[in-house]
Structure formats: structure tokens, C-alpha cells
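Protein chains: 2
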Amino acid sequence: MVRVATSVDVAKLAGVSQSAVSRTYTPGASVAEATRIKVMDASRKLGYRPNAIARTLITRKSRMIAVVASYLDNQFYPVVIEKLSKRLQSDGYHVLLFIAEANQESDELLMQLMQYHVDGIVLLSATLSSGLAKVCAASGVPVLMFNRVAQAGGTVSSVACDNEAGGRMAARALLEAGHMRIGYIAGLEDSSTNRDREAGFNAELAAHGHRVFTRTVGHYSFEGAQVAARLMFGRADATQRPSAVFVANDYMAIAVMDVLRGELGLRVPQDVAVIGFDNVPQAAWGGYSLTSIEQDAQAMIEATAKLMLAQINDEAVAAQHMNLPVRLVERGSTGKTV
Amino acid sequence: MVRVATSVDVAKLAGVSQSAVSRTYTPGASVAEATRIKVMDASRKLGYRPNAIARTLITRKSRMIAVVASYLDNQFYPVVIEKLSKRLQSDGYHVLLFIAEANQESDELLMQLMQYHVDGIVLLSATLSSGLAKVCAASGVPVLMFNRVAQAGGTVSSVACDNEAGGRMAARALLEAGHMRIGYIAGLEDSSTNRDREAGFNAELAAHGHRVFTRTVGHYSFEGAQVAARLMFGRADATQRPSAVFVANDYMAIAVMDVLRGELGLRVPQDVAVIGFDNVPQAAWGGYSLTSIEQDAQAMIEATAKLMLAQINDEAVAAQHMNLPVRLVERGSTGKTV
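Chains as they are written, first to last, in my numbering: chain A, 1 to 338; chain B, 1 to 338.
If we strip away everything but chain A, and leave its shape as in the complex, we get (with noise of 0.2 angstroms):
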């Protein structure tokens, strides 16, 4: 049992009214600036907390939302993280986030969250393991992935794009420009996402007699993109390469059109048409103007936060898995001119 100063302590010490002390921790309320250094000078003698930690003793809320994020450097995420706290903050949570080392075991990153005592967690393209999903159930604190695909009828819900109708988009545009040599980059092999995309983009190629020409997989590093690249392109003979590739993102896209045009000399679309994945910010740049499929992030974030908060505040709201509908968006590195 441990003691908890109260605000009726700290307006004692500070020498001004209970009131004093509560508006001084009501976010807009009014108090004069010399009363709040009072207020905060006696909270911090007494070890007070204000509202949300009496809030999390009293409720079991926290007001926290743990974000598992370790792919930064792909330009969608930072604009996931963005629009998804702004979204959370606008209902009175905060993210705590957790950056996850590549090869990091979940499991102990997740006993950490759990002792932080989050009111929920968002995984951003990772997935969990059965065992895991079975511990944060007994803990009652939902749990959501972001970006991958759980497994049917699994406990934890997800929030994704239709990536094989995305896949499918794409092999529909270079067929539609007449390509014959289609080239595949991929991305990381167990990922949903690269199952998906690349299942929906050989199913539209099967649908139209084609199969893909060459596949080499980038990993979804930049850095794997490159040696992808120049695996697929690095032939002096053209008629022994693709006319065009479907790169499994963006962030892999841009790094195969510094190869294409930087290291090999082709021209983009002329030589090698390109599409992407995300229609990250940086695929509108003069410097790329990259056909991609996008991800309507908006529209992904408004459905990770309503499911999220309906299951905080139900623990009877049921897991959810979620397709969200994708759109090409066709630039200069197909031929279209913009």
C-alpha cells in the first residue's frame, strides 16, 4: 500500500486553494503564472501527481497508445506516425513509442510496454507471434498491426491496404502500355505485404497469358534495392532484361531509379518503366515523378484509431481485419506526363 499525496496536500503547502490546484493540471483553465509556480513547486516537494496518473489509478487508463515502429526510413512511416498521434491526440492520447531494433525479439519489447501499462499498442509492419498475441489478450490491452495482415480469426486485429488488388493495378498499367518483359522487385519475403502484392501482380500478369520475366528481391532496404537492380539490370543486352518493373515500394523504387539511370546509364521510362508502392510524398518530386500505388494513410489511420479506442473502451469489441481500397497514381516514370 503505497501513500498518494492528494491535491488537498499540495494546496496546503503551496498555500493556495484546492481550486487553485486543480485548474492550474485543467488544460485552458485560467490561473495567474505566480499561482501554477506555486502549485507545480509544491507538487514536485510532494511527489504529486496530477490528473492523468490519479486518472490511471482511478480508471486503469493511461491515455497512452504504445506505437512499435522500426522502419523510419521509409518515408511512409514518419507520415504514418504523424497523422496517426495528431489523430489520437485529438481524443486525449499520447504515443509512447518503441522503436524496434530489425532483429529484436517482441517478446521482450513487449514486456516493457506491458510495464509502461499502455492502454493499447500499434504494431507498424510487424507481425506477432501466437504466444504473444495469447499474453497481451490475458492482459486485456488490444493490440493492433498495422500494415501486415494477421492471421484469420486471430485475437488481434489489422489495418491494411488491399495490397493484392494493389499488385493487380500495377501489372494492369505496364500491360496496358504494352510491355512484354515484366521484372519483379521484392520486399521483404515472410511480409504480408509482399505476398500480397506480389500475388495479385502474377495473378493479373496469368489473367493475360504473361508471366513475370526476371524476380530479385530487395528486402525493403534501400540498399537492397540497389543490389536487386543491378542484379535484374545489369545485362548489356536489352532484350535480356525488363522493359519494366513493379517494385514492391517506394522507398526500394527510388533507390532502383538512382541505379537505373545513375550507375547504368538507362533512361527512365524510355529504357525501363517503373511503378512503385505507398505514393509516398517524395514520388511527386521532380527528381523521380514515380507511378505508385497508394495507400490511403488518412483513411488506414482513421480505422486503426476508431477500432483502437472502441476496443480501449469495450473489451467486448471484437478483432477486425481491415482492406482498405488502393488507387494507381500514374507519373512520368510510366510515360505519363504530368
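Hints in this document: simulated from the structure, not taken from any laboratory. There's no promise every hint is true.
Capping the alpha-carbon separation at 16 angstroms, the derived lysine to aspartate or glutamate pairs in EDC-like fashion look like this [unchecked claim]:
id, chain 1, residue 1, chain 2, residue 2
1, A, LYS45, B, ASP9
2, A, LYS83, B, ASP73
3, A, LYS86, B, GLU101
4, A, LYS83, A, ASP296
5, B, LYS45, B, ASP9
Counterexamples of contact, computed for chain B against chain A with all Cβ distances above 12 angstroms [unchecked claim]:
id, residue
6, VAL31
7, ASP41
8, ASN74
9, LYS86
10, GLU164
11, ALA199
12, ALA203
13, ALA206
14, ARG235
15, ALA236
16, LEU328
Examples of chain B residues toward chain A, derived with CB under 7 angstroms [what the hints assert, rightly or not]:
id, residue
17, ARG23
18, ARG36
19, ILE37
20, VAL95
21, LEU96
22, VAL135
23, SER139
24, ASP258
25, GLY262
26, LEU264
27, VAL268
28, GLY287
Bear in mind that the values here come from a model prediction, so they are computed numbers and not experimental data. For each residue, glycine too, the CB sits at the ideal point set by N, CA and C.
Here the structure of chain A is known, so what remains is to put chain B in place on it, guided by the hints.
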């Protein structure tokens, strides 16, 4: 007075030993999954707070550091947030993220921060009024301004790079390349970074008997930089526009290059040489090959983490104002081949 459930209560309800409860909440400790699930289930039912919250009550430390950011579209900040998060995590602290609206009252935001009882506050490119600085001082929560400079003698620490030296370097590089008509595209007029970069730039020009040819303002925004570039370079007579421009950060310099090449048909560097500031990852991309003044983000973060943790652990550690070195990274946008 609030009654808080203890690990003894949890062990009893879960039907396990107190040591099992403790091990469940100790990162890295061995505990069977079935036991862990029982403990978490009992914890949830009793509203038991494991270590982190208990530690807050006992030590008055929450192990959270608030990071206030508002410019995540400038590629410098995702890098900073990722590196700073990792650095603090290695010392057992986590980042509670607050995204400030461009014109949000910092007063209101700061009261929200205080409610979470964070151990420290890092402001990314934001300044603090002297009134708010006093409130923070009274609360005993150390505050540090990152990439902004505090008033001398202030109680609020600051970690920045030597912006003035960077401005001098930019001027020297352009003068040495023989440019006579050199423009400046400013960031936010009231920011210390813009003030110091411009002061160093102008001082170096003056030291060589020159002065800035034209100056426009981009307000550190992408659209603002586009407008500033059109104003500066939208003249048919080449002698009426600069042959080189120093842009106050890379984020704006990329927008400027897009306007120069995409809208005005000017070549970089043959018609206009461009230098930015920050050396963000995108400056090295082949589509831009942007010469830039590099801020040493890693050194700035190390200094930030060390000072912040020292102040958290010992209230007597005085505020410091650090200016870390910068260096010129030359690339194609000023005619250096790479």
C-alpha cells in the same frame, strides 16, 4: 488515499508465487507462458500496475521523456526521432510523442505534458516563452531545446549545431566556385536557425567584399520554398537572377531544385548552383545530388541524451547551451562530381 494492488494480491489470485509475478514483469526473466498468462489475467482483474507505474510512485520517475515535434515532413526529424528514441531506450527511457500543430499554443501543450508526469521534455525546433520556462523550472522537469538556441543564461538547455559557421561555409563554397550573384532563400524569419545561418552567410560574403544578390523567404515549408524560388528565378534575363543560391534547409532546397528544373527549365548546377543545410538522407539521392551543410545528428542526440539524463538524475546539473560542429558535403548541385 488510494489503495493500490500489490504483487502479493496478484500472486494470490493467480495461484502462483510472488516470485512468478515479479519474473513476469522483469524483462528477460524466465517464466512459463501459462504462468505469465495467469499473472496478466489476475493483474488485469485487480488493476495491478507492474514495475513502471510502481516505480513512478516510489521514485517519482516515469521513465518517459516527452518529445514535442511539428515538422515531420522535413526529413531531418524522422531521423532525429528514431535515433533519439533508440538512444534513450538503451538507458531504459521511452519517448512520449507530442505532435504540435504549427500554430498551437505551447502553453496548452505543456500542461498536457505535465499531466503525464514525464521526466523530461525535448522540444524539436520549438522555443519556450520565458513564462513557460519558469513553470517548467518550478515543476522540476528539465527541458531541452533541440536545433534551437536558448537565450543566454536561460534555465532551458539547448543543443544545436554551429549554424553560423555553416552559413559561412556555404558562402565560401559558392565564392570559391566563382559566383558573383548569390541568392538566399530564408526559413522561418523568427527561428534561431535561420537567423544564425543567414548571419554567417552574410558575414562571409561581406568579408570577401560581396553582399547577397537577392533574398526571398520559404518559411521552412515545401510550398513556401516553391514560391520563393519562382520569385527569385522567374526572370527571362539571366543577369537579373542569381547564378547560385543558398537555401536554409535541404527540405526547401529540394523544392527549389524541382522549380528550377521542372518549371523554369534551368539546369543545376550549370545555370544555378544550389546548397542546402542538414544533409538529410535524400540529399544524397541521385535525383538531387544536393550539396549540403551537414548537421551531425548522432552527436547532437548523444549530447541531448547525456545532458537530459544528467539533469533528470541530479537537479543540480545546470542548463547548458551546446553548438556542435558542421561540415560541408559537396555533391553535383554545386558542380562536384560524386
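Each hint, compared with the structure:
1. A/LYS45 / B/ASP9: This hinted pair is violated, its Cα atoms lying about 30 angstroms apart.
2. A/LYS83 / B/ASP73: 11 angstroms, holds
3. A/LYS86 / B/GLU101: 9 angstroms, holds
4. A/LYS83 / A/ASP296: Distance ~12 angstroms between A/LYS83 and A/ASP296 Cα, so the pair holds.
5. B/LYS45 / B/ASP9: 11 angstroms, holds
6. VAL31: 10 angstroms, violated
7. ASP41: 5 angstroms, violated
8. ASN74: Incorrect as stated: the minimum Cβ-Cβ distance to chain A is 10 angstroms, not above 12 angstroms.
9. LYS86: For B/LYS86, whose nearest Cβ neighbour in chain A is about 5 angstroms away, the distance does not exceed 12 angstroms, so it is violated.
10. GLU164: B/GLU164 is indeed farther than 12 angstroms from all Cβ atoms of chain A, at 29 angstroms.
11. ALA199: With a cut-off of 12 angstroms, B/ALA199 remains clear of chain A, as the shortest Cβ separation is near 30 angstroms.
12. ALA203: For B/ALA203, whose nearest Cβ neighbour in chain A is about 32 angstroms away, the distance exceeds 12 angstroms, so it holds.
13. ALA206: The claim stands: B/ALA206 keeps its Cβ more than 12 angstroms from every Cβ of chain A (closest is about 34 angstroms).
14. ARG235: The assertion about B/ARG235 holds, with a minimum of 20 angstroms to chain A.
15. ALA236: Holds, since 21 angstroms exceeds 12 angstroms.
16. LEU328: 22 angstroms, holds
17. ARG23: 10 angstroms, violated
18. ARG36: Holds - the Cβ of B/ARG36 comes within 7 angstroms of chain A, reaching about 6 angstroms at its closest.
19. ILE37: 4 angstroms, holds
20. VAL95: For B/VAL95, the interface hint holds, since the closest Cβ of chain A sits about 5 angstroms away, which is under 7 angstroms.
21. LEU96: Holds, about 5 angstroms.
22. VAL135: 6 angstroms, holds
23. SER139: 4 angstroms, holds
24. ASP258: Interface hint status for B/ASP258: holds (4 angstroms vs cutoff 7 angstroms).
25. GLY262: B/GLY262 check passes; min Cβ-Cβ to chain A is 4 angstroms, inside 7 angstroms.
26. LEU264: The hint is violated - B/LEU264 has no Cβ within 7 angstroms of chain A, the shortest such distance being about 11 angstroms.
27. VAL268: 10 angstroms, violated
28. GLY287: It holds, given that the least Cβ distance between B/GLY287 and chain A is near 3 angstroms, below 7 angstroms.
Of the numbered hints given earlier, the model fails hints 1, 6, 7, 8, 9, 17, 26 and 27; all others are met.
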